[in-house]
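Following the hints, complete the assembly by docking chain B onto the known chain A.
Heads up: the protein sequence lines correspond to chains A and B, in order. Note that full-length UniProt numbering gives residue 296 to position 296 of the first sequence, counting from 1, and the numbers run on in steps of one. Note that full-length UniProt numbering gives residue 141 to position 141 of the second sequence, counting from 1, and the numbers run on in steps of one.
Watch out, some of these pointers could steer you wrong.
[Unchecked claim] If you want the footprint, here are the derived chain B segments under chain A, 3+ residues with CB under 8 Å:
#1 47-59
#2 193-200
[Stated by the list, open to error] From the derived model, a few chain A residues whose C-beta atoms are all more than 10 Å from chain B:
#3 C87
#4 A141
#5 K217
#6 F243
#7 A380
[Said to hold, decoys possible] Here are the computed distance ranges between Cβ atoms for each label pair:
#8 A:R228 x B:P252: 46 to 52 Å
#9 B:E245 x A:N237: 56 to 62 Å
#10 B:E245 x A:Q297: 57 to 63 Å
#11 B:G377 x A:D232: 58 to 64 Å
#12 A:R268 x B:L247: 52 to 58 Å
#13 B:F243 x A:K242: 54 to 60 Å
#14 A:N237 x B:T110: 52 to 58 Å
#15 A:Q297 x B:K273: 50 to 56 Å
Please keep in mind that the hints were generated in silico from the structure rather than gathered at the bench. By construction, the Cβ of each residue, glycine as well, lies at the ideal position given by its N, Cα and C atoms.
Number of protein chains: 2
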Amino acid sequence: MAMKRVAASALRAFTSSGNSTSSLLTRRLHASPGSKKIVGVFYDAKEYAAKNPNFLGCTENALGIRQWLESQGHQYIVTSDKEGPHCELEKHIPDLHVLITTPFHPAYVTAERIKKAKNLQLLLTAGIGSDHVDLKAAADAGLTVAEVTGSNVVSVAEDELMRILILVRNFLPGHHQVISGDWNVAGIAYRAYDLEGKTVGTVGAGRIGRLLLQRLKPFNCNLLYHDRIKMDPELENQTGAKFEEDLDKMLPKCDIIVINMPLTEKTRGMFDKDRIAKLKKGVLIVNNARGAIMDTQAVVDGCSSGQIGGYSGDVWNPQPAPKDHPWRYMPNQAMTPHISGTTIDAQIRYAAGVKDMLDRYFKGEDFPPQHYIVKDGELASQYR
Amino acid sequence: MAMKRVAASALRAFTSSGNSTSSLLTRRLHASPGSKKIVGVFYDAKEYAAKNPNFLGCTENALGIRQWLESQGHQYIVTSDKEGPHCELEKHIPDLHVLITTPFHPAYVTAERIKKAKNLQLLLTAGIGSDHVDLKAAADAGLTVAEVTGSNVVSVAEDELMRILILVRNFLPGHHQVISGDWNVAGIAYRAYDLEGKTVGTVGAGRIGRLLLQRLKPFNCNLLYHDRIKMDPELENQTGAKFEEDLDKMLPKCDIIVINMPLTEKTRGMFDKDRIAKLKKGVLIVNNARGAIMDTQAVVDGCSSGQIGGYSGDVWNPQPAPKDHPWRYMPNQAMTPHISGTTIDAQIRYAAGVKDMLDRYFKGEDFPPQHYIVKDGELASQYR
Chain A
1 MAMKRVAASA LRAFTSSGNS TSSLLTRRLH ASPGSKKIVG VFYDAKEYAA
51 KNPNFLGCTE NALGIRQWLE SQGHQYIVTS DKEGPHCELE KHIPDLHVLI
101 TTPFHPAYVT AERIKKAKNL QLLLTAGIGS DHVDLKAAAD AGLTVAEVTG
151 SNVVSVAEDE LMRILILVRN FLPGHHQVIS GDWNVAGIAY RAYDLEGKTV
201 GTVGAGRIGR LLLQRLKPFN CNLLYHDRIK MDPELENQTG AKFEEDLDKM
251 LPKCDIIVIN MPLTEKTRGM FDKDRIAKLK KGVLIVNNAR GAIMDTQAVV
301 DGCSSGQIGG YSGDVWNPQP APKDHPWRYM PNQAMTPHIS GTTIDAQIRY
351 AAGVKDMLDR YFKGEDFPPQ HYIVKDGELA SQYR
Chain B
1 MAMKRVAASA LRAFTSSGNS TSSLLTRRLH ASPGSKKIVG VFYDAKEYAA
51 KNPNFLGCTE NALGIRQWLE SQGHQYIVTS DKEGPHCELE KHIPDLHVLI
101 TTPFHPAYVT AERIKKAKNL QLLLTAGIGS DHVDLKAAAD AGLTVAEVTG
151 SNVVSVAEDE LMRILILVRN FLPGHHQVIS GDWNVAGIAY RAYDLEGKTV
201 GTVGAGRIGR LLLQRLKPFN CNLLYHDRIK MDPELENQTG AKFEEDLDKM
251 LPKCDIIVIN MPLTEKTRGM FDKDRIAKLK KGVLIVNNAR GAIMDTQAVV
301 DGCSSGQIGG YSGDVWNPQP APKDHPWRYM PNQAMTPHIS GTTIDAQIRY
351 AAGVKDMLDR YFKGEDFPPQ HYIVKDGELA SQYR
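Looking at chain A on its own, in the form it has when it is part of the complex (with noise of 0.2 Å):
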C-alpha cells in the first residue's frame, strides 16, 4: 500500500489527561534539571529502514525524537545490542536516566541491571507489555515504569482476527501447495471450516479482547471470555459474548482459544500439558500475548498428537526465537515473528506516545494515568 496516507490518522489519543502538578514518585523524584541520558534499544531495520519514512520504530529511526532530544540537549543513544556483559547496552546502564524498550526486541531489563543503574529514573515501553522489566524491582527501586496503552490494541485485535481465520480456513496448506507446484483440492478442505457458528473464547478481555470480541461479532459465533471482572453490561451486549467466570470450565467450550493475557507469575506457564489436555480435541489457540504463558513442549507435543489442531501467534519464549525453537517446526502453525504490534500505524502511534510521556518527564508532569505500569512503587493491576 501507497506509504504517505498513513501519516494523516496518526498522532491521536495519548495527549490527553494528566496535566496536573503532582509529582512523579520516582528515585530521584522530579526530572532534575538539566541534559539527560536516553537509551533506546530498538530493532535494526538495515535496508528496510529507507523504505518507508512512517517506519519510526527501529534503531535507525529511532522513534523519529532524535532531533527534538538534541534540540533541548539531551543525549540520545539507541543500539539493538542488549545481550551479556558486553554489549552497547550495559555499557550506558550505569549513567543512563531514560531508558525505552519495546517487546518486539525486548532488552530484559533484570534485577541485575537495575541496581547498576543509580542514574535510572524511568523506563518506557514504546508499544505494550513491560514483562521484560522485572517490575517488582523496579518497583522497590522507586523507578516508574510505563508503556504506551492503547497504541497498538487495534493491530493486535486484527492480527488475532487473521490467525483464527488463517487457522480455521486452513489457509497455510494451502498456499504452500501454490508455491511448490501442486494443487490438491483435498488435501485442505478435509480440514478447511467456516468460523460461522463456532464456539470462540478469550482468556482475558481487556483492551485488545474487547476488540477483538467486536470485529469478531459479524461473524456468528458464538462468543465467551474469561477475566478477572466482569466488562459492562453495554459492552457485553453490544458483542453478544458471555461471562466465564471459570476459566477451566470455559476452556473445554472452545473451538478456538485466543490468548489475552499478561504475562504475570500467575499466567506463566499457565497452558501446559494438564490444562490443554482438558481442551476440545482439535482446539486452535491464538497467543498474540505471550510466549512464556504456554508451555512450550506442551505446545509441541499437542500439535503433533492432533490434540491441538492449530496454533498461530507472534510471542515466543525467548526472543528472538532461536533458530532451533520447536515451536518453528511443528506441525499446523502458523507463527510469524514477533509483529503484530509494530505495524507502520502502530509505530507511528507508541512514538507519538513516547515523545509524549518524555515531553511530561521533562516538565515534571504526570503521564496520562492508564500509561503507569510501576508509580509510587506499585504496580498496576493487572500485573499484580
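For chain B alone, kept in the frame of chain A given last:
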C-alpha cells in the same frame, strides 16, 4: 477442530419456496419417469476422503447422495477425469440426463459437449459460479442450469476478509522467516499496516460482497462498493458503505480492492494493464471471484513493479493451475488453490442443495427461484 460439531449447523435454507406446479422448460420438458443417468464431476480426495465424515464434495463421498439415488433406481457415475476426448466424462456425455459439476474442479461444458449430450436436461453446479458452462449454448439448447445460491457465500466472504488481513498485515513474509529459521521483524514491519482507516472497495456487492461489508464494518475502514444496482438503504446504513456508480472513479480511491463479480463476457479481462495502471500505487487486490476477470500477465507485471502491493485469491485461469502458472511465482502473492467455497461447512450445504434440486427434478417441481442460472432459454440477470 473437532469435526462432528459441524453437522449440527448444516442443512438449512435451500428447501424453501418454489413448490409450485409449473413445469421446467427443459430440453425434454419434465423429468420423464424412470431411471436417470446422473454424472458428477468432483475432485478426488484419495487418502483425505476417509479423514472427515463430512467431506462430501469429493468423488469418493460424491455429495453423500449415492445410496439415495440408487435406491430410486437411478444410475450415478462420479469422476474427476474431465479433460480431453478420451476422459471418463466424455464417455457419458451422449446418454447422461443430469450433469453435476463444481467450480473447484470445473468440468468445462462447451457448446460442443452440449450438442453431443442428446439426453441432457439439467446442469447442476455444486457451489456457486457456473461460468465453466457455455450458458448461451445451454440456453439455446433449452437446458436448465442451476447452482446452490447462498451455499457458500459466508465461506467466501470470510475467506476474503482473511486475505485482506494477510496482505495488509504482511503475514506471509513473517511466516516464511519462521520456517526458514530467520528472525527479522524489520523485514516484515516496513510494509505491515493496520486495516483500520484504510479504504476498501468491493467491485460487486451481491450476496458475498454484502457479507464482506458487514464483516468489515467493525474494522473502522472507509467502505465503498460498485454494483449495477444500489443496495437498499437499510443495508447501506448498516454497513456504512458508500455506493460508487462509476467503477473507474471508485478504483483509484481504494487501498484494497475486492472482486465480487461473476465471470461474464463483460467482466472477462476487466482488470487489464490499463486499468491496473490507474489504481493507487501499492494497491492490494483480493480476488476469490474468477481468475479470468484479471489479465494474468498484467497482474504479474503489477506485482513485480510494485504497482500492485499484494495479490491474493483462490481462483485461477485455468483450473487446476498448471505448474508453470506465473501467479505461483510472482512477488507479494498470497494465493491458494480454489478452496474458499469448499469448506466442510459449505460442502454440507451445497450437497444438501443439490439433493433438494434433484428431488424436485424427479418430482417435476420448480427449484427455489434464486438457484436458476438458465431457465426457459433465459440467463439469470447477473450473467447477462
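Each hint tested on the structure:
Note: the segment 47-59 of chain B has 7 residues with beta-carbon separation from chain A under 8 Å; the three-residue rule is met and the coverage holds. With a cut-off of 8 Å between beta carbons, the segment 193-200 of chain B has 6 residues touching chain A; three or more are needed, and the interface restraint holds. Separation of A:C87 from chain B is adequate, the least Cβ-Cβ distance of about 17 Å exceeding the 10 Å criterion. Consistency note on A:A141: stated as away from chain B, and its beta-carbon is indeed over 10 Å from all of that chain's, at 30 Å minimum.
Once the 10 Å rule is applied to beta carbons, A:K217 is inconsistent with being away from chain B; the minimum gap is 6 Å. Every CB of chain B lies more than 10 Å from the CB of A:F243, the least distance being 20 Å, so the non-interface label holds. No beta-carbon of chain B is positioned within 10 Å of the beta-carbon of A:A380; the least distance is around 25 Å. Separated by about 48 Å at the C-beta atoms, A:R228 and B:P252 satisfy the suggested range of 46 to 52 Å.
Between B:E245 and A:N237 the CB atoms are about 37 Å apart, so this pair departs from the stated range of 56 to 62 Å. Judged by the Cβ atoms, the range 57 to 63 Å given for B:E245 and A:Q297 holds: they are separated by roughly 59 Å. Range check, B:G377 to A:D232: Cβ separation about 60 Å, and the 58 to 64 Å hint holds. Between A:R268 and B:L247 the beta carbons are some 54 Å apart, a value that agrees with the proposed interval 52 to 58 Å.
Hint check: B:F243 to A:K242, Cβ distance near 37 Å, so the stated range 54 to 60 Å is violated. For the hinted restraint 52 to 58 Å between A:N237 and B:T110, the CB-CB distance of approximately 55 Å keeps it satisfied. Checked against the hint of 50 to 56 Å, the C-beta distance between A:Q297 and B:K273 comes to roughly 53 Å, which is consistent with it.
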